[in-house]
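Sequence order for the protein chains is A and B.
Numbered per our numbering, the first sequence spans residues 12 to 364.
Numbered per our numbering, the second sequence spans residues 12 to 364.
Bear in mind the hints are in silico, worked out from the structure with no lab data behind them.
From the three backbone atoms N, C-alpha and C, an ideal C-beta is built for every residue, glycine too.
It cannot be assumed that every hint is accurate.
Between beta-carbon pairs, the in silico distance windows are [said to hold, decoys possible]:
#1 159/B <-> 99/A: 37 to 47 angstroms
#2 150/A <-> 162/B: 33 to 43 angstroms
#3 162/B <-> 147/A: 28 to 38 angstroms
There are 2 protein chains.
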Amino acid sequence: MRDSDDYFNPRFEAQKIAFAPVVFHVALSLRNLGVLDALRKSRKLGLSIPQLKRQLQISEYGLSVLLELALLTGIVEQKEDAHFILTETGKYIELDPLTKVNFDFINDICYKGLAHLEESILKSKPEGLKELGHWETIYQGLSEMNQQAQKSWLAFDHYYSTDSSPELLQFLFSSAPKTLVDIGGNDGRFALNCCKHNPEVQITIVDLPGQIQMAKSRIEGSPYDSRIEYISMDILKENKPLPKADAVWMSQFLDCFSESEVRDILKYVGRQIDLNTNVYIIETLWDQQEHPASSFSVAATSVYFTTMANGNSKMFSAKKLRALINESGLQIIDEVFPIGMSHTLFHCKVKPV
Amino acid sequence: MRDSDDYFNPRFEAQKIAFAPVVFHVALSLRNLGVLDALRKSRKLGLSIPQLKRQLQISEYGLSVLLELALLTGIVEQKEDAHFILTETGKYIELDPLTKVNFDFINDICYKGLAHLEESILKSKPEGLKELGHWETIYQGLSEMNQQAQKSWLAFDHYYSTDSSPELLQFLFSSAPKTLVDIGGNDGRFALNCCKHNPEVQITIVDLPGQIQMAKSRIEGSPYDSRIEYISMDILKENKPLPKADAVWMSQFLDCFSESEVRDILKYVGRQIDLNTNVYIIETLWDQQEHPASSFSVAATSVYFTTMANGNSKMFSAKKLRALINESGLQIIDEVFPIGMSHTLFHCKVKPV
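All chains, please: the whole structure from these sequences, using the hints.
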């Protein structure tokens with residue numbers, strides 16, 4: 012019934028989108044109920060519905076409902092003998108850690124809130140966030156939300172994070188900075204990794220009070236305690252002076268702000284540094300990715316910012332971020348892609364006046 | 012960035028499913044906010060984001076978030092001049108009535124409840140239904156649910172209904188029945204259409220008390236009142252005698268029951284008829300469709316039965332329904348496909364003992 016031409020036609024594509032939430036939950040149920048795992052282990056032999064029933068104690072009815080749709084969406088295939096086997100897509104859903112992280116993030120953090128997308132756009136507020144709790148932004152709610160949601164959020168954040176990337180650490184320390192300001196330093200993980208990587212560097216973490224609290228509790232008592240300082244502030248509301256530093260690091264920080272906020276932040280940074288300071292801006296750009304699957308995932312993450320996180324930020328395009336940097340008194344010395352996990356690094360300096 | 016090979020690869024397919032609820036709401040928002048309509052009217056010229064902003068009073072930020080994901084999922088394309096135009100898929104989402112009905116049905120009836128799919132399968136109960144109200148099955152809740160949900164349910168039901176199909180009426184009356192029993196006759200629409208089509212036929216509608224009530228209020232006072240009788244019963248709990256009839260009609264009725272219930276219903280019908288009675292069973296079979304898009308939509312509808320409707324019924328495969336009919340003492344005289352809107356009609360008689 013299915014050939015590639017027929018599978019990819021406009022009428023079918025439109026129905027796939029109309030029934031997309033159904034396919035999402037069918038795939039998730041097949042994963043969570045252990046059906047994908049059982050099929051994977053059966054390899055090329057596959058399993059029939061009665062065999063799956065015996066093995067997993069799930070009704071033939073339930074298995075049929077799930078597997079028929081899975082068949083029509085390319086998650087499983089059916090052999091001549093009616094045994095089901097996993098397709099390559101099915102294997103990704105069952106085995107690929109990134110796919111798992113994405114599924115759980117959408118299910119536990121975004122699913123209910125996404126229903127408020129239209130409203131979020133019209134009001135420029137993350138109207139979906141109330142489905143998780145009553146906070147202004149998701150960052151304020153992180154420590155209070157239910158455990159499952161918190162776990163899925165952290166797994167997602169961690170997966171896309173640059174905090175432990177050897178490649179980025181090497182890049183940063185190739186210019187041998189002695190002092191570093193990590194703006195949006197979050198829970199201090201990157202600062203700690205810098206200290207481990209380099210025996211001398213002195214770091215100042217800048218972030219919101221809650222994040223600074225987390226960073227302190229992670230760092231205090233560690234051997235690196237004396238090399239790390241903190242500036243606790245809401246960068247949109249106060250512009251405390253930054254210490255003189257060889258490098259300023261902003262990784263996956265600017266994507267949490269609107270365009271005009273980004274300009275304000277970069278101008279503030281520009282005023283705080285001298286002509287020798289290296290500024291590093293690291294982002295995942297939706298239109299600068301190696302695979303269309305990555306572009307898609309990055310662009311889909313923007314919708315999370317809209318409905319759940321803050322209502323006004325998104326993942327940048329390469330062109331847009333370059334323009335924002337240039338409009339804010341900085342100049343791009345070098346642009347490196349790919350680095351980390353499909354990130355782009357902008358090496359900048361302040362423009363001479 | 013996008014060519015068909017890259018667009019259709021396992022890694023991307025898996026991410027499309029992981030982020031499927033995001034794509035669903037992006038498409039719906041683009042439709043509801045009037046973006047698709049504006050793009051359609053701009054035809055090949057297309058519209059830029061600033062133009063759309065002026066025309067629709069939606070922020071550039073919101074438009075970018077929506078259109079970037081729409082671009083990566085083939086709902087829109089972007090021209091050299093950065094103007095967006097609708098793709099064929101986008102046109103289906105904006106213009107095709109069936110696609111609209113499917114979208115609204117998933118959004119207003121199924122979206123929240125789908126999160127209870129796993130639970131529904133494990134308990135054989137429509138655990139998602141509580142998101143709409145507290146009833147045992149959705150049929151009991153139809154008149155009480157919120158208006159938007161009711162409207163979307165009825166539009167979906169009506170679209171897939173055979174009640175007004177000239178083709179099916181002609182088929183039924185080609186054997187000139189004088190008496191007809193319409194089991195699962197619902198609100199009486201089909202009975203009325205039969206009376207209009209044929210000046211003589213006498214009809215008995217069999218359904219649940221609530222449905223009979225609706226049918227009566229539709230029929231009483233019409234010119235066909237005297238030709239229509241009613242049997243009010245829950246066919247799973249009582250087996251009242253049926254009047255002798257030339258034909259028994261069961262259209263989209265059996266898909267509301269589990270396999271063992273279907274066997275019981277068909278055996279009961281078999282006991283009530285004689286060797287000359289024509290039994291017509293009409294269903295949409297998920298594996299007997301002209302387009303893969305239709306197979307997909309039918310199979311996705313099964314998941315609605317699981318989580319929202321009753322927790323134990325589904326759309327049949329051709330093989331399964333043939334087997335159920337044969338196991339229940341009926342024989343298939345003829346099988347007609349396609350008829351109506353991609354339906355299959357089984358013309359049956361009782362097997363001579």
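Evaluation of the provided hints:
In this structure, residue 159/B and residue 99/A meet the distance hint of 37 to 47 angstroms, their C-beta atoms being roughly 40 angstroms apart. At about 39 angstroms, the beta-carbon gap between residue 150/A and residue 162/B stays in the expected band of 33 to 43 angstroms. A beta carbon spacing of about 35 angstroms between residue 162/B and residue 147/A agrees with the range 28 to 38 angstroms that was offered as a hint.
In summary, this structure violates none of the numbered hints.
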